[in-house]
Amino acid sequence: MTAGGARLGAARLGVAMKWVDLRPEIDSLTGAVHTDARFSGASGADQAALELALQLGGTWGADVVVVSVGPAGSETMLREALAAGATQALRVDGDTAMASQDVARALAETFKGLGVDLVLCGDWSLDRGSGSVPAFLAGAMGFAQALGLVSIAPDGRSPCGLSAQRRLDGGRRERLRIQAPAILSVESGAARLRRAALTRVIEARKATVEVRPAPTPVGAPHLAPTRVGPYRPRARTLPPPSLTLSPRERVLALTGALVERTPPQTLVLEAPEAAERILDQLRTWGYLT
Amino acid sequence: MTERFDAVVVGAGPAGSAAALVLAQGGASVCLLERGPFPGSKNMYGGVIYGRILDGLIPQWWDEAPVQRWVTRRCTTMLTAGQALTIDYRTSAWGSPPYNGATAFRPDFDAWLAGKAEAAGAVLVCSTTATGLLRNEAGAIVGVRTDRPDGDIEARTVIACDGVNSFLAKEAGLYHHAEADHFTLGVKEVLALPRRDIEERFGLRGLEGADFEIVGCTGDVPGGGFIYTNLDSIAVGLVLSLPGLAASKRRPEDILAEMKTHPAIAPLVEGAELKEYSAHLIPEGGYDMMPELGQDNLLIAGDAAAMCLAAGIWLEGVNFAIGSGAAAGEAVVEALTRGGVVAQPLEGYRRRLENSFVLADHKKLRRAPGLVLSDRVQSRYPQLACNLAERMFTVDNPSPKKGMVALGRQEIKRSGVRLRDLARDAWTGLRTFG
Ligand SMILES: Cc1cc2nc3c(=O)[nH]c(=O)nc-3n(C[C@H](O)[C@H](O)[C@H](O)COP(=O)(O)OP(=O)(O)OC[C@H]3O[C@@H](n4cnc5c(N)ncnc54)[C@H](O)[C@@H]3O)c2cc1C
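For the protein sequence lines, the chains are X and G, in the order given. Everything in the first sequence is counted per this note's numbering, starting at 1 for the first residue and increasing by one. Everything in the second sequence is counted per this note's numbering, starting at 1 for the first residue and increasing by one.
Next up, chain X with everything else stripped away, as it sits in the complex (with noise of 0.2 Å):
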C-alpha cells in the first residue's frame, strides 16, 4: 500500500508528545483519577515516535520538530526531547482537558506553519487512549494516515519512501510502503527512546521552547466519559462448546446448568465479617493464597 503520493519534500519532520501522567492514582471504589505532575511526562509510544523520527531525521539529514499541545509543565518533556536530539521544540499552550479535534487543529497549524509533511505520533494517549488525535490531524492537514506501527525504516528505493509494518488481529502484521505527506502513529515497542548525552541534557535546560496560543476550539463535542466508574474487569470468554455435542447439550455447557455446584447464598453482615467472608470464598476458590 502507498499511503499517499507527493515525496518528502521539506527536510523537516514533526514530532507531537503528549504530557501525560505516567502512573496516575486511580481510585478503585470511586474510579476518581488524582494526576501528579511531577511523574508526567512522554508515553512509551510518544518516546517511540521521537526514537524513530531522530532515526529517519539522521538517515535523511532531516530537522526534527517536536510539538506539544499542553500546560507549562510539558515543556520539561519537550526539554527532554531536544536533549534527546531534537531540533526545534514547540508548544502550544493548552490544557490535558482539550478536546482531541482541537488538539489536532492546534498541531495541523503548527505543522503546517513551519513546512513538516511527515509527523509521528504514538499511537494512543495514556490518560484518553482513543487514539484519535493521530487521525483527527491526517484528516486537519489532509494527509494519509497509517496507525498503529510496530516498525519504520527508510526503504532504500526511493529518497525519502518509508516501509513500516502495522500490527494486525490475530498476530498478523501489514508491510504498508509510505510516502510523505503523511500521518504515522506508532507503537510503544517501535523503538526505545535513546538516552541523551549529558552535555545536551544540560544545554536543554536553558534552550528555548517556543510558546504559542492555541486556536479558539472549534466547539467540536469533545468526548468526555459520562460517568466515572470503578474497574471492573471485563466478562470472561468462554470457548464455544464442541459441535459434536447436541444443541441441549451446548445449551448445558454454555449456561452451566445442571453442573453440581454450591448454591448461590444471601448473607446481611456487617461490614468486617462481610469482608471476611467475602475472602474466604476468594480463597476457596483458589484466587487468594
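FYI, nobody ran anything at the bench for these hints, they're computed from the structure. Take these hints with a grain of salt, some might be off.
Residues of chain G clear of chain X, computed beta-carbon distances all greater than 12 Å [what the hints assert, rightly or not]:
| # | residue |
| --- | --- |
| 1 | 273 |
| 2 | 275 |
| 3 | 381 |
Incomplete in silico selection of chain X near chain G, CB under 10 Å [unchecked claim]:
| # | residue |
| --- | --- |
| 4 | 38 |
| 5 | 39 |
| 6 | 80 |
| 7 | 192 |
| 8 | 194 |
| 9 | 196 |
| 10 | 201 |
| 11 | 202 |
| 12 | 288 |
These numbers were taken from a predicted model, which means no experiment stands behind them. No residue lacks a Cβ here, since even glycine has one placed at the ideal position from N, Cα and C.
Starting from the known structure of chain X, arrange chain G with the ligand on it as the hints suggest.
Here is chain G with the ligand on its own, set in the frame of chain X:
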C-alpha cells in the same frame, strides 16, 4: 565533550541539595546530579524534619517549605504484648514560628530544597546516575562518571551525598568497618485516613501533628516503631536491626502488621487504607561506624557518611544531612576562594563538622545505638515499666496501697533484670543522654 564545574554534588537528597545551595550561594559553579526523575522521587523516611538547621540557609523557610503538619505532640511509648506506657508531651510553642519538627513528604521536601539550590544557580541534572569516580592519569579524583553518553563531569571537588550504601565512598575506600549490625532496615506504610479522623484519634487541630516513637513493638527483633501524622494520611513504620531480622527469619511487613494489631495502636490505624509501602536502609551505627570524611578532592556527607543520628528517642537524619551537606559546601567555597589558591577542602569540612552539632551529637551519643538495641532496653525495661505502672494504678482493696520502693523492688526481681545491669545501663544512659 566533558562538562566542567567547581563542584559536582552526587545525590539531590537533603545533604546534596544543602551542599549545592551553599556552593551556588557562594558563587561556585555546581552540578547537582540525581538518579531519580526528580529530587525526592526515590527517597523515603519516617516523616519528621527538624528544620532549625534551615534557619541559616533559607530565612523564614517555614513560610514556604512543603510541610504537612507541625509536630506539637510527641509521645514515647513502651509496649508489651498487652500493655502500653506512654510519655505524652505536647506544647503549643511548637505550633508557631520558628517551630520545631514538621511532617513532610520527601518528594515534596527534597524537590523544594533542590529547587532552592537551582534558583541559586546550581545545575540540577535528574535521571542521571553517577557510576563512579573520574580520575586523572595520576589517580587523583577529578570528577565523576555518569550513565549517560559523554557522561563524564569534571570538577575540582566531588561531594558524595548518595545516601546510605554510598558507592562513591566505598569506591574511594573510605569505609573500613561497615558491618551489617551498623545498619537497620526501615519499613513504612502510608495509610490514608480522613483528616477529621486523624484529628480525633490523635487529638489534633488545624496543622498540629503528632509523633509517636515506640519501643517493644518488634517482637524478638531489636528495633523500634513510629507513627507520624500527615494531613490526611499517617506513616506507620518500624526500624529493625539487620542481623536480628535475618536471624528471626521473619518478614518486616509481618512484624509491622503485628504492631498494628496491638490494642494501643489498632484504634489509631483501623479503617485506614494502605497507600504505599516502602523500605530503606538506615546507617544507625553512629560515630563508631563513620567512614573517613573524604580524601583529596572528595567529601562525603549525610547518610553516605553515616551521619544519621539514631539514638532511640531520636531518629534524626535529614537535619544531620543538611548540616553536613552545608558544611561540605562551605568548606569547598572556602577552599576555592582562599587567596585564589585552590586548597583541599577536607580540613575545613572536618573542622566545621567538629564545631557543629553534627559530630558533637554523634560523639556524645556514640554509646546510644548499642544501649538502645540491647535486649534489656528492647524488652525487659518496657516490661518492667509497664508492670510497675500496672501495679501502681491497680486498686487492690481491701489490701492497702504498697509503697513505690517496695513495688519497684518486687517488679525488678520479677523482671529478671539484675541490679548490676540496671545500674550499668543507668550509668551508660546518664553518660550518653545526660
Ligand atoms: C524508615 C526511615 C525513617 C526515617 N525517619 C526519619 C525521620 O523521621 N526524621 C529524619 O530526620 N530522618 C529520618 N530518617 C533518616 C533520613 O531519611 C536520612 O538520614 C536522610 O534522608 C539522609 O539524607 P541524604 O541526603 O544523606 O541521603 P538520601 O536522602 O538517601 O538521598 C540520597 C540521594 O542520592 C541519590 N543517589 C544515590 N545514588 C546516586 C547516584 N549514584 N547518582 C545520582 N544520585 C544518586 C538518591 O536518589 C537520593 O536522592 C529515616 C530513614 C528511614 C529509612
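Status of the hints after comparison with the structure:
1. 273: violated, 9 Å
2. 275: Given that some Cβ of chain X is not farther than 12 Å from that of residue 275 of chain G, nearest at about 8 Å, it is violated.
3. 381: holds, 36 Å
4. 38: holds, 5 Å
5. 39: Holds: closest Cβ of chain G sits about 7 Å from residue 39 of chain X, inside 10 Å.
6. 80: Interface hint status for residue 80 of chain X: holds (8 Å vs cutoff 10 Å).
7. 192: violated, 14 Å
8. 194: holds, 8 Å
9. 196: holds, 7 Å
10. 201: holds, 6 Å
11. 202: holds, 6 Å
12. 288: Where the cut-off is 10 Å and the nearest Cβ of chain G is about 16 Å from residue 288 of chain X, the hint is violated.
Going through the hint list in order, the structure does not satisfy hints 1, 2, 7 and 12.
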